[in-house]
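J.: Each protein sequence line maps, in turn, to chains Y and G. Residues in the first sequence are numbered from 9 upward in steps of one, following our numbering. Residues in the second sequence are numbered from 167 upward in steps of one, following our numbering.
Bear in mind the hints are in silico, worked out from the structure with no lab data behind them. There could be a bad hint or two in this list.
Stated by the list, open to error - Below, computed lysine-lysine pairings styled on DSS-like, alpha-carbon distance capped at 25 Å: (1) Y:K202 x G:K182; (2) Y:K85 x Y:K237; (3) G:K182 x G:K352; (4) G:K213 x G:K249; (5) Y:K114 x Y:K85; (6) Y:K179 x G:K273; (7) Y:K116 x Y:K106; (8) Y:K242 x Y:K232; (9) G:K249 x Y:K202.
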Amino acid sequence: MDINPANFGNINEVLADVLVVLNDEDQSLLTPGFYRAQVKNGLDELGFDISFLEVPNDYELPDDLILPMPKGCFNLKQIQVYTGTPDAVEYVEQVYWKKGVQTRGKGKGYTSNVHHWNVTDPFIQVRVDEYSMYYFSVQNGNIYLSDACANYDYVKLVFDGIPSMNLDEVKMVPPEVRKALVLWVTDKCAGALKMRDARYRIIQSDAASQLDEYGVTGAWHEAKMRLRKLDKKKMKDIIEYNSKMNF
Amino acid sequence: MVSLRLVVYDILNDLKQVYDDADLTPYKVFYWVLVHADRLKKQHIEKRDSGAYSTPFILSVSVEPDNGRNYFTLPASIYDIDKDGGIDYITYAPSIDLSLPTFSSVKFTRITPSRSRRLYFREEETPAPSNPYFYRQGDRIYLLGVEQINITEIEVALKLSFDPTDATIDLDDEFDFPSDLIPILKRQILDMGRFVLNIPRDAINDGAGFDSKVMPTQKLISVNSPDLQQQQIEE
Numbered sequence: 009m010d011i012n013p014a015n016f017g018n019i020n021e022v023l024a025d026v027l028v029v030l031n032d033e034d035q036s037l038l039t040p041g042f043y044r045a046q047v048k049n050g051l052d053e054l055g056f057d058i059s060f061l062e063v064p065n066d067y068e069l070p071d072d073l074i075l076p077m078p079k080g081c082f083n084l085k086q087i088q089v090y091t092g093t094p095d096a097v098e099y100v101e102q103v104y105w106k107k108g109v110q111t112r113g114k115g116k117g118y119t120s121n122v123h124h125w126n127v128t129d130p131f132i133q134v135r136v137d138e139y140s141m142y143y144f145s146v147q148n149g150n151i152y153l154s155d156a157c158a159n160y161d162y163v164k165l166v167f168d169g170i171p172s173m174n175l176d177e178v179k180m181v182p183p184e185v186r187k188a189l190v191l192w193v194t195d196k197c198a199g200a201l202k203m204r205d206a207r208y209r210i211i212q213s214d215a216a217s218q219l220d221e222y223g224v225t226g227a228w229h230e231a232k233m234r235l236r237k238l239d240k241k242k243m244k245d246i247i248e249y250n251s252k253m254n255f
Numbered sequence: 167m168v169s170l171r172l173v174v175y176d177i178l179n180d181l182k183q184v185y186d187d188a189d190l191t192p193y194k195v196f197y198w199v200l201v202h203a204d205r206l207k208k209q210h211i212e213k214r215d216s217g218a219y220s221t222p223f224i225l226s227v228s229v230e231p232d233n234g235r236n237y238f239t240l241p242a243s244i245y246d247i248d249k250d251g252g253i254d255y256i257t258y259a260p261s262i263d264l265s266l267p268t269f270s271s272v273k274f275t276r277i278t279p280s281r282s283r284r285l286y287f288r289e290e291e292t293p294a295p296s297n298p299y300f301y302r303q304g305d306r307i308y309l310l311g312v313e314q315i316n317i318t319e320i321e322v323a324l325k326l327s328f329d330p331t332d333a334t335i336d337l338d339d340e341f342d343f344p345s346d347l348i349p350i351l352k353r354q355i356l357d358m359g360r361f362v363l364n365i366p367r368d369a370i371n372d373g374a375g376f377d378s379k380v381m382p383t384q385k386l387i388s389v390n391s392p393d394l395q396q397q398q399i400e401e
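All chains should be built: construct the whole structure from the sequences, respecting the hints.
T.: If you want it as structure tokens, here you go:
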């Protein structure tokens, strides 16, 4: 489901529920920062479990064709290079991932199991025009683009963002997952408090059972299903496309 | 609301009823009242979730020239309740223009120097002007996280204790003590007063402490002495 950032809530909306449950409204048992961190951790966990925060970004093509992996990116989904500017995109080329490439950068060649000059391998032989090979590899957190990409101006990356690194605290919590987050934070904070007071063990246990993080009968699974569900409009259109078979 | 004078003289008069020649001064009873009232009031505050004995102050903040640490000095003695509970809250001075009261917006979180290290392990808990901390050392309260800003004033609410050595206490001021505990206070002081006033009489070495009729006149012999038992058998 496409989520609407305008509906996002802030961390305090989650904590408003959690603090009452934990009987720590003055935040004296745990620090305010500890509580905020748990909300972010919960949101990140959810983000790792299901892609709900797609981040597109345009970067000027670096001269050495080495692009540092953006901060907050954990799952690359698309790479394109294009000419023009982000506001006036002209020619676009899809960039593919080439397996096993090791390179030191632009003009320094590369190694890989399947190399485009290799015509003597008895099993795999490839002959491709190197000037039309738009590919990338990832080494040490950097995206290495192939030499052919140098003719373009910009590179567009689309990736799944780690929520806590891409969202502002003021607008961070999708309402679809608020219930799961309240339980998640309650679980973690009660777990942190149970050494001080054994009564928190019961609160933690209650929250964990309602959350059911690793099962399919709790709020965690419900939140994932809400985010995964296709928008009605998209679903109807896909049915229509499939029925016409002329998309 | 009763005054301290009323309580002091009430107890003094009661003690004088029995010990009319005792050397009891109002100041002595005043001291007893404050000592016992301190204990009872502390227990009362610990037991009840109430703002009745929370007193707000606006205090100036100083900087230690040697190390740059921000601190303010407690303006009066406070109760040493667990986890520095004698400090109700610390927040920025209300002169900072916020839409919320400052204590609802930013509250200094209590920490100890030895526990403060963990705070710097992650960004969310790191002390900062928006997430400040405090710790107590003696009568000084140190502020953590405001080193980079020029903080001159602070609002603090304290749970004040009585200070019997405070020469400025006025007997005619309002006695800041729960009125429902005054009977208990009075009873405790009377008990202690009677106990104290009894001690000198017994301790005087004038030979009159014992009645001569009950003084032993012969060597004390145990009833379980084998000699005595043998003697009884023979009889």
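J.: Indicate, hint by hint, whether the structure satisfies it.
T.: Each hint, compared with the structure:
no., hint, verdict
1, Y:K202 x G:K182, "violated, 55 Å"
2, Y:K85 x Y:K237, "holds, 19 Å"
3, G:K182 x G:K352, "holds, 14 Å"
4, G:K213 x G:K249, "holds, 15 Å"
5, Y:K114 x Y:K85, "holds, 23 Å"
6, Y:K179 x G:K273, "holds, 22 Å"
7, Y:K116 x Y:K106, "holds, 16 Å"
8, Y:K242 x Y:K232, "holds, 18 Å"
9, G:K249 x Y:K202, "holds, 18 Å"
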